[in-house]
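**Q** Letter by letter, the chains look like this.
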Amino acid sequence: MITLESISKVFHPGTVNENLAMDNVSLKVNPGDFITIVGSNGAGKTTLFNLISGSLFPSTGKVSIHDKDMTRIPEYRRAKFIGRIFQDPTLGTAANMSLEDNMVICSKKGFKGIKMSLNASKRKFFQEELKPLEMGLENRLKDNVGLLSGGQRQALTLLMTVLSRPDLLLLDEHTAALDPRNAQIVLDLTQQFITDYNLTAMMITHNMKHAIDYGNRLLMMDKGHIILDVSGEEKKRLTVDALVKKFHEIKKEEYATDEDLLVT
Amino acid sequence: MIEGIIVDGLIFSILALGVFISFRILDFPDLTVDGSFATGAAIVAICIINGLGIFIGIVLAFIGGAIAGVVTATIHNKLKVPNLLSGILVMTMLYSINIRILGGRANIALLRVDTIFTKVITLGGSIPREYALLLFMIIFVMVIKVLIDLFFRTDLGITMGALGNNEQMITTNGVNPETMKVIGLGLSNGLVALSGALLGQYQGFADAKLGQGMIVEGLAAVMLGEFLLRSNKIFYITLRVVLGAILYKGLMFFGRYYGYYINMTPSDLKMITSILVIVSLVIAKSQDSAGQRRKEQK
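Protein chains in written order, with our numbering: chain A, 1 to 264; chain B, 1001 to 1298.
Keep in mind the hints are simulated off the structure, nothing from the lab. Computed from a prediction, not measured in an experiment: that's the story for all the values here. Cβ coordinates follow ideal geometry from the N, Cα and C atoms, glycine included. Mixed in with the good hints, there may be bad ones.
For the chain A half of the interface with chain B, some residues (derived, Cβ under 8 Å), not all of them [as the list claims (entries may be wrong)]:
| # | residue |
| --- | --- |
| 1 | GLY92 |
| 2 | VAL104 |
| 3 | CYS106 |
Pairs of lysine-lysine, BS3-like flavour, derived with a Cα cap of 25 Å [unchecked claim]:
| # | chain 1 | residue 1 | chain 2 | residue 2 |
| --- | --- | --- | --- | --- |
| 4 | A | LYS124 | B | LYS1233 |
| 5 | B | LYS1145 | A | LYS142 |
| 6 | A | LYS108 | A | LYS131 |
| 7 | A | LYS108 | B | LYS1233 |
| 8 | A | LYS142 | A | LYS131 |
| 9 | B | LYS1233 | A | LYS122 |
Rough simulated footprint, nothing fancy, chain B against chain A, three-plus residues with beta-carbon under 8 Å [stated by the list, open to error]:
| # | stretch |
| --- | --- |
| 10 | 68-77 |
| 11 | 81-91 |
| 12 | 112-120 |
Chain B extracted, bound-state conformation (with noise of 0.2 Å):
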């Protein structure tokens, strides 16, 4: 069970390094989220059911989701549409999108094809079922992390993370910002979309509605992690992000599973998901200005 959790919450902690790039790297809102990960899942699963082959799949899966992000960007950028209405337009438009992708049809199951995960199982051999998934996740997300890592250590990584901080200072210093933010948006949703493709296949089925909500579980993840763990380093950002994930995940499974003692339905979750994110706010808040109020004292 405990694994299944895990597997569950490694999945999802990709689409949540997503949105942390997004909202904390670029301080960007950005809600195609919601579209680009259904859109991953319906790519994937119409490559697998057409014989593409599983590989391919994923990739185009990502790059998929990362044309909607340099859409929205450019929609931001160009056309001078707020951060937030950019997102909610793209995201519409993925839903009829995602609709053509799958063919028509507002889902597909992805039943008795070969799924990365039946692979998985297949190559562990020996190993049981849930540790050859949850092995094989470990692998895949470190792999991400890292180069995620890599990537915000490099001089464009590095500027990109100034944006969110300090526009102005991009500018001064000969960057355009409307670039950073293309390739920002491009890589975060990205990676929702790959974060979305994993999910389809793990649970057997596309839907273009995947993705409604996802943005504010991602957030409700980041900002647990960053609860847990404090650093101005990237190896622990991207690390708390993960683990946040995972804990996000946990903690909708006892949600799930015992909420009922207080009457609680798994479609309260949503709400408990949003009022997740309300309060995380409030302590970041006071937090930040209990510190502050201490650094004035000194």
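So that you can see chain A by itself, here it is in the shape it has in the complex (with noise of 0.2 Å):
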């Protein structure tokens, strides 16, 4: 459903901080599944998530979302398709703004206008939703966001992202955030609602145990290229052990420590 063609991206081209963060990755992202992607830090996982959903556009190559090119659709009109989470949990909420308007903006993508949809049937399905969150939040519609802690907000963030259904939910670190219990709360969320409403992810990760124990497919990056990528029975047999060992034989150059790609 999502097509990268030999997609390049060139940073500050023609200078002395010129930065190749993407060189002539192709990817084909297939309905239904659930991607974890690893790597160290500058290995371009962000500028992927930023390529697919239009806050970049690539130097080369071509991106289609359901066969349609759309590598210069800004990332507005792409939204209508994609879903996309943060690490910091307050770039998906308003926090002056009351948790139910926070709901009406993400309820419905595109241009809104000017009709009021915020009625007490609205409000009704806003609690069933945030019931499951077991956080209480259903109770608590008027009050602003900016009052919910890092975790509430997070967990709120994910139910409205995927109230609208997107077709892919692009989740860039979305826990790291977060304290221990609070982000172990939101992953099993995420990992609820994938497997409820059926969604197709992709979810960038620090945590070697969580790109193993979740999704159907794995992606290792490093410096601007994809240099692993298992599914289905290979990716079920994989260790963390395995991987970091995997992660050797490709790059074949032993690492300093390890600890360049094993950020728990």
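With the hints as a guide, dock the two chains, each given alone in a separate frame, to form the complex.
**A** This is the structure:
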């Protein structure tokens, strides 16, 4: 459903800071895939997401969504197909607005007209949706989102993002800024939503164990390349040790420490 | 006397509502206001003098201001000019345009012609002049306030409300933030021009420099209002802008009449206004950080 064809991205071309962040990458995301992405810092994971979501345009190559060329389509128009969650919990919600107002913005993608859709039945619907989070948010519809904790905000962002049932869910280390307990809650919710609504998702993580435990396909990136792409049975058999070994095999060079790779 | 201050404040509150939309909702410090305020007065004056009618004049004033706002937003969006600068550029352009609207003059007097206020006084019959004006302005501002409240409860309005908070969120949800800025600044400057149109008729002349310093005055009103009421409900948020505007005009009145005790002249008022804004900013900031500390201690 999403295809990247020989995508390259150069930052600051023609200057001393010229940096090839993405080097001739091709990728086909199949419907129903749940892809986890690992790689050291600067490997190009977030750049990959930026290219898919349209907040960056590639220097060369083609991005298609549903077989339509979207290479030059701006981010806000691609957002109809793509839901994205960032590491920073404050990026997904508007802090100075009430929970229900935040949910109105997310319940329908695209330009909103002059109509009042927030009514009793909509509130009821929001409450029903909030209940599975088990955070008591269903009783706080009128509260400002800024009053919620980071974990609550990220869980809310996740819920709001899947509310519109995006074709592709991009999760950019969305649990990295949370404490371990909240991170686990948000991860479990993520898994649950993806299964329940049969979503296609890509998740960047620095946690090797998460990368192996979740999803049906795993990508490893390094220096703007996808250096490993495993799925199905092969992915199921992966262990953290095997993954690290594989990384070295492909790279054919020893890392000074494995910590570059294994930030858990 | 008090009626006069309130009428003054109510006329001014429409400008404050406009400033509130750009500064608070869009988080776009829009200096177009200094120009579009005079544009409103100029358009309505020229319409009345040329017999187009008061009502058409007021509608055209709103549209004129809205166009100015749209131009500012477009310069910012398409040419990637920083928001402050695009406002200053349009404000400067408007100074020339306002003189053109006024037919090559820097000001026009509205003497011995009907304005909306003379009509109201006639319509009021035996009601004393100042009470008729007060009643009319209360109704007028309430209608505008309710319309704004309704707008910010629509899906479009709610989305616009999130823009100043979190532009990324708007984009992630498939809305073009640039479109929101165009609509928001159009609405904001339309209101500002409407306020100018009323003030021009109230004081009986339109001047190309009428808007000088209005942005800071509007901001002072918005900030004063924020000390009066605390709420996240749009009803109270717009109400406090109106109350802040009246309070501001009251303060300025006392400054003008009793300031001489401390050797203050009316020309010092602009400085006082700016200091008022600075003090409000400092207080708001310290309250914010105090709230933050309280939250962290929990």
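**Q** Next step is simple, just say for each hint if it's right about the structure.
**A** Evaluation of the provided hints:
Annotation: interface hint on GLY92 (chain A) holds; nearest CB of chain B at approximately 6 Å, less than 8 Å. Checking VAL104 (chain A) against chain B: minimum C-beta separation of about 5 Å stays under 8 Å; hint holds. This hint holds: CYS106 (chain A) has a C-beta 6 Å from the nearest C-beta of chain B, less than the 8 Å allowed. With a C-alpha separation of about 20 Å, the suggested pair LYS124 (chain A) and LYS1233 (chain B) falls inside the 25 Å cut-off, and the hint holds.
For the given pair, LYS1145 (chain B) sits about 22 Å from LYS142 (chain A) by alpha-carbon distance, which is consistent with the 25 Å threshold. Restraint check for LYS108 (chain A) and LYS131 (chain A): satisfied, since their Cα atoms lie roughly 20 Å apart, inside the 25 Å limit. Our distance criterion of 25 Å between C-alpha atoms is met by LYS108 (chain A) and LYS1233 (chain B), whose separation comes to about 22 Å. For a cut-off of 25 Å, the pair hint linking LYS142 (chain A) to LYS131 (chain A) stands: about 15 Å separates their Cα positions.
Proposed proximity of LYS1233 (chain B) and LYS122 (chain A) is supported: the alpha carbons are some 18 Å apart, at most 25 Å. With a cut-off of 8 Å between beta carbons, the stretch 68-77 of chain A has 4 residues touching chain B; three or more are needed, and the interface restraint holds. Counting residues of the stretch 81-91 of chain A whose CB lies closer than 8 Å to any CB of chain B gives 5, which reaches the minimum of 3, so the coverage claim holds. For the stretch 112-120 of chain A, the stated coverage by chain B holds: 7 residues have a C-beta nearer than 8 Å to a C-beta of that chain, and at least 3 were required.
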